[in-house]
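Participant: So the chains spell out like this:
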Amino acid sequence: MRPILLKGHERSITVVKFNFDGDLLFTASKDHVPSVWRSENGERLGTYNGHKGTVWDLDCCRFTRRLVTASADATAKLWDVETGECIRTFVHYGPVRGAAWADGSDMFATISDPFVEHNARISVYDVPINDDPSTYPDGPRLEIELPKIDGKRVNATNIVWLNLNEALFVTFDNGSIRLYDPITGEELDEFFPHEKKINRVSFNRAKTLFITSSADFTAKLYDVVDLRHLKTYKTDRPVNDAVISETKDHILLGGGQEAMSVTTTSGKVGKFETRFFHLVYEEEFGTVKGHFGPINALDINPNGRCYASGAEDGYIRLHYFDKSYLDMKDPVPEETVDGEDDVDDDDDDEEEEGKEDEESYNESD
Amino acid sequence: MSQHPSTTDDLADEAASLDGYFSDAPLETQPRYPPIDESFDRCVVISNLPKVPEAKYDKLAKVVLKLVSRIGNLSSYGNDDIEASSSSSGCGDDGQFSGFFMPKSDVDGNTAGCAFVEYESAGDARRAIEVLEGYKFDKNHSLRVTPYERASKLSEVVEGEFQMPEPEPFKERPNTMTWLEDTCQRDQFAIRHGKETAVYWNDGRGEPVVDYDGARERKAGVNWCDYYVQWSPKGSYLATLVPSKGVILWGGRGFEKLGRFAAPGVNFVVFSPQENYMLTSNNNGRDPHAIKVWSIQSGTCLRTFPLYPKDFLDPSQSESSDGGGGVPPPPFQWSHDDKYLARMGKDLISIFETPSMKLLDKRSLATDGIREFQFSPKANVIAYWAPEHKNQPAHVDLIEIPSRKQLRQKNLFNVTKCSMVWQESGEYLGVKVTRHTKSKKTLYNNLELFRVNEPGVPVEMLDVKDAVMSFAWEPQGSRFAIIHAENPTSTKVNVTFYDMYKTTELEKKKGVGGNKKGGGVGGGGNKEKQVVAEVNLVETLEGKQCNCIFWSPAGRTVILAALGDSASGTLEFYDVDSKTLVIKEHYRANQVLWDPSGRTVATTVTQPIGGGHFKFAMDNGYILWTFQGKQLSQSSFEAFYQFTWRPRERLTSKEEIAVIARNIKKYEKQFNAFDEAKKRKLRLQETKGKRKSRAEFRAVMARLGEWRARQKQERMELLGGYDSEDEQNFSTKEVTIETVLNTKDELVY
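Residue numbers (the UniProt record's numbering), protein chains in the order written: chain G, 1 to 365; chain R, 1 to 749.
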């Protein structure tokens with residue numbers, strides 16, 4: 001499995017995202033310029049110039065027409081995907097940490113960090129695609145302030161729309177998740193999947209499952225309907241991003257020791273690997289090495305044929321899976337019809353070997 | 001208020017003495033009398049005094065009175081002269097009581113053998129009981145001193161037939177050996193991580209299996225252990241340390257509570273090798289009872305000691321806050337058979353006998369200038385060394401206990417430091433001597449090797465030019481390994497193996513001096529294989545990166561490990577016999593722990609409890625390896641504190657092991673079949689479990705799918721009537737793109 005190295009960003013990668021169809025890859029980094037790449041061959045199609053700060057998050061609408069970016073320059077920008085033109089700029093009170101399109105792509109929500117005396121905020125903007133962009137109001141339709149708790153600032157880390165825009169789903173750096181009503185701004189629910197910061201949350205395409213990645217070295221799988229905890233994936237380093245494969249029962253985990261606490265120069269200390277877990281059995285069955293900084297962002301192509309990882313080292317690696325991976329089956333054979341509960345030993349062993357092909361691929365640049 | 005009887009009939013005198021009683025003033029209706037002291041806590045009864053006739057009464061009374069007065073003043077009731085009244089019969093005849101009364105028997109006029117004493121203060125009375133109880137009055141009489149109240153109660157005791165007290169119903173203590181009866185001959189280990197404590201079985205083949213993880217305690221809402229745990233030397237007990245309270249011992253099937261020992265602040269425990277006694281320490285230099293010695297069976301404290309022996313510290317050092325001035329307290333050491341407990345003091349070793357915990361022969365073993373001592377692991381022999389002292393050279397001594405016979409003394413010169421290492425079966429003692437040249441500028445090493453079991457204890461000296469970093473005996477064997485390098489700071493070191501015996505083939509000739517290893521004679525013809533007691537070099541491995549040597553308890557295999565912060569965590573599994581080397585790595589490993597059988601070895605990354613620097617906090621966990629270096633299992637924890645194998649006694653002798661090794665083929669089949677069956681069973685179980693969780697997960701997904709399907713209409717509306725799930729819903733558009741590749745103007749004629 002030879003990765004395509006996407007060289008274009010000059011600083012740490014903050015987010016990588018495939019569009020809905022999987023033909024484009026959007027990336028953002030601390031160098032202020034989000035880029036779009038062709039996922040087939042890693043060719044850079046263009047950049048979105050205009051931000052004056054780190055771009056923390058971006059989201060592409062359902063039909064890949066418009067892109068919204070969240071930046072530390074306290075603005076969120078709306079872009080035309082094809083032309084790269086900035087349609088509108090929405091000024092916030094503090095650095096914008098996350099942005100997400102609502103289902104239907106006629107509105108989006110952002111979260112902004114607390115700044116000086118301003119509290120963290122959730123803002124919802126109406127930007128119907130059929131209206132003239134100049135008629136969009138400058139301010140948000142809805143603003144939810146997130147006051148300090150016990151004198152401590154509240155920092156939201158991610159925002160997502162849920163259940164056909166019935167709820168706004170927001171993760172926090174204290175390990176909690178809250179749900180807000182996007183019409184009234186009322187807090188609907190709060191729960192604590194983790195004890196430490198939730199770095200990222202991602203959903204499967206049907207938005208029925210979500211996986212949280214946390215600094216407490218675990219990623220947890222929940223169902224969206226009952227918000228019930230289903231699975232936990234344990235590692236020995238902070239997890240920065242985790243994604244659910246659409247085509248297989250697999251989970252991809254990325255992370256590594258925080259750059260600030262890397263004490264030695266040895267790469268193996270940090271464990272900057274993409275780890276592959278089985279969705280159901282919670283077992284790690286393979287790793288892909290290559291980065292030399294913690295992986296900040298991961299995404300798997302909806303068609304399941306490739307995945308991209310972006311790291312603190314400034315590189316984006318686009319991996320196309322080998323056939324051995326694509327042919328991988330569930331390690332546990334299906335129950336036989338006559339109910340005989342026996343397992344063919346040889347068969348099992350082969351499966352295991354098949355897995356190892358995947359493992360420990362280390363490419364020297 | 002005096003009550004002198006009137007000695008005269010003179011009315012005037014009487015009037016004078018009664019003056020003030022008759023008054024015209026009205027009487028106080030409620031006169032204020034001093035409160036009546038009705039307690040008898042100032043009084044004691046002394047019994048078991050000699051019974052003497054009338055004639056000797058005064059003499060006895062005088063002696064007893066002198067004795068009791070030493071404790072404190074006796075109470076006197078208006079009597080100016082105690083001596084005067086006490087020389088009389090004390091009390092009774094004339095109604096006076098001077099605080100001392102010795103009654104006589106009604107029958108023969110002899111004294112009754114007891115005396116009543118009243119002190120001025122209750123404190124004196126208590127002290128009298130403490131001091132005089134058991135006092136040897138003369139050779140036949142040792143005094144009994146009883147508080148008066150108790151004595152008066154005792155006098156009410158009705159004498160009757162002696163009733164045997166009902167024996168306590170026999171409560172069987174759990175068998176602490178059950179774990180050894182495991183049909184799979186598995187070993188156990190205990191781990192501490194986070195708030196959890198658990199004991200696992202390890203079969204040396206696959207993943208460890210939980211035996212007990214404190215489920216009972218968790219149910220009761222407590223943690224099994226909040227601090228460190230420790231196994232006893234034979235593995236019978238698991239001690240959990242509760243720093244606020246003391247030590248709890250657990251054992252038997254299901255780890256029942258077997259004993260509690262109150263030792264506040266307990267920091268560590270030292271079991272005696274035969275598990276009869278236990279020593280706890282709270283490491284508090286100010287506590288006069290810092291170290292406590294317990295009998296495990298009865299749960300009683302036998303004796304306490306302060307952390308430092310008397311005079312051990314310079315007065316200047318003991319001023320500091322912890323009372324120790326940074327000098328580690330000299331450790332207590334048990335002898336192999338639990339008979340003695342010894343500790344080093346200033347110029348002496350104090351040896352205490354069990355169970356009385358009294359000093360052996362009432363005197364310490366004088367050892368001028370002692371720095372360190374070690375009990376032999378298999379005999380009551382103490383080895384110690386002392387540096388140069390006045391005119392005496394430095395020396396290493398072997399002393400037999402309890403006879404205090406010096407078995408061997410070896411004088412050494414120019415010694416900077418010694419360190420002594422006993423071989424596990426006590427056959428050899430290795431002493432690493434660090435010497436300095438005359439100028440004291442350069443240091444060099446040599447090894448002094450004692451053959452303890454041979455007559456005269458011959459000592460061989462092995463010169464090593466390099467600095468020796470580590471020295472380790474092969475357990476149960478005659479080999480040892482050293483790590484050495486020319487420059488102690490260099491990263492590349494050499495490892496050399498030596499054997500205490502040399503096998504030579506030589507012309508038929510009897511061994512010299514009878515220094516022959518048993519059974520070493522073999523071979524035929526003129527040649528004879530001869531084993532000579534002579535240190536010889538087996539092999540040197542050069543250019544290694546290691547700082548520790550770990551011999552397998554079974555011998556033969558050795559792990560050369562690079563442990564610690566700056567080291568790489570390289571593990572080299574070396575088979576000394578077949579000379580095979582396997583190199584593995586456990587990054588940041590800080591411990592290598594062999595299981596008692598030598599089948600499995602654990603390498604761990606632990607962090608100290610309560611000492612959370614982030615550099616310790618990463619990679620916590622352990623890896624289990626076979627002795628050949630194959631990884632068996634790996635576990636990671638957020639905070640991993642401790643890993644400890646359950647020790648077990650070696651029950652088979654060397655000969656028995658040899659017999660088993662010869663017949664290994666026979667056992668092999670049996671074991672293999674068993675392992676195969678177990679493996680299969682495990683696989684089945686695992687598959688079943690996975691199928692179950694898969695079925696559950698599929699059910700969840702089906703439900704979620706249904707939920708999503710119900711939203712279909714709404715979703716389509718949001719997307720402007722576009723059904724994103726319908727794979728057929730697409731339109732094909734043909735787009736023709738014309739690209740002009742090249743244009744060329746050509747002139748056409």
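Do not rely on the hints blindly, as some may be mistaken.
To be verified - Simulated pairs of lysine to any residue, SDA-like, Cα-Cα distance not exceeding 25 Å:
hint, chain 1, residue 1, chain 2, residue 2
1, R, LYS690, G, ASP226
2, G, LYS207, R, LEU719
3, G, LYS234, R, ARG479
4, G, LYS197, G, GLY185
5, R, LYS502, R, ARG479
What the hints assert, rightly or not - Here are the in silico distance ranges between beta carbons for each label pair:
hint, chain 1, residue 1, chain 2, residue 2, range
6, R, LYS733, G, ASP126, 58 to 68 Å
7, G, ASP132, R, THR743, 36 to 46 Å
8, G, GLU40, R, VAL740, 19 to 29 Å
9, R, ILE737, G, ASP126, 33 to 43 Å
10, R, ARG371, G, GLY151, 11 to 21 Å
11, G, PHE192, R, SER578, 29 to 39 Å
12, G, GLY151, R, THR489, 47 to 57 Å
13, R, ASN487, G, GLY151, 52 to 62 Å
Source of the hints: derived by calculation from the structure; they are not laboratory data.
If you're wondering where the values come from, they're calculated on a predicted model, not measured in any experiment.
By construction, the Cβ of each residue, glycine as well, lies at the ideal position given by its N, Cα and C atoms.
Participant: Against each hint, give a clear statement of whether it holds in the structure.
Facilitator: Now the hints, each set against the structure:
no., hint, verdict
1, R:LYS690 / G:ASP226, "holds (23 Å)"
2, G:LYS207 / R:LEU719, "holds (16 Å)"
3, G:LYS234 / R:ARG479, "violated (44 Å)"
4, G:LYS197 / G:GLY185, "holds (23 Å)"
5, R:LYS502 / R:ARG479, "holds (11 Å)"
6, R:LYS733 / G:ASP126: 58 to 68 Å, "violated (31 Å)"
7, G:ASP132 / R:THR743: 36 to 46 Å, "holds (40 Å)"
8, G:GLU40 / R:VAL740: 19 to 29 Å, "holds (25 Å)"
9, R:ILE737 / G:ASP126: 33 to 43 Å, "holds (37 Å)"
10, R:ARG371 / G:GLY151: 11 to 21 Å, "violated (57 Å)"
11, G:PHE192 / R:SER578: 29 to 39 Å, "violated (56 Å)"
12, G:GLY151 / R:THR489: 47 to 57 Å, "holds (51 Å)"
13, R:ASN487 / G:GLY151: 52 to 62 Å, "holds (56 Å)"
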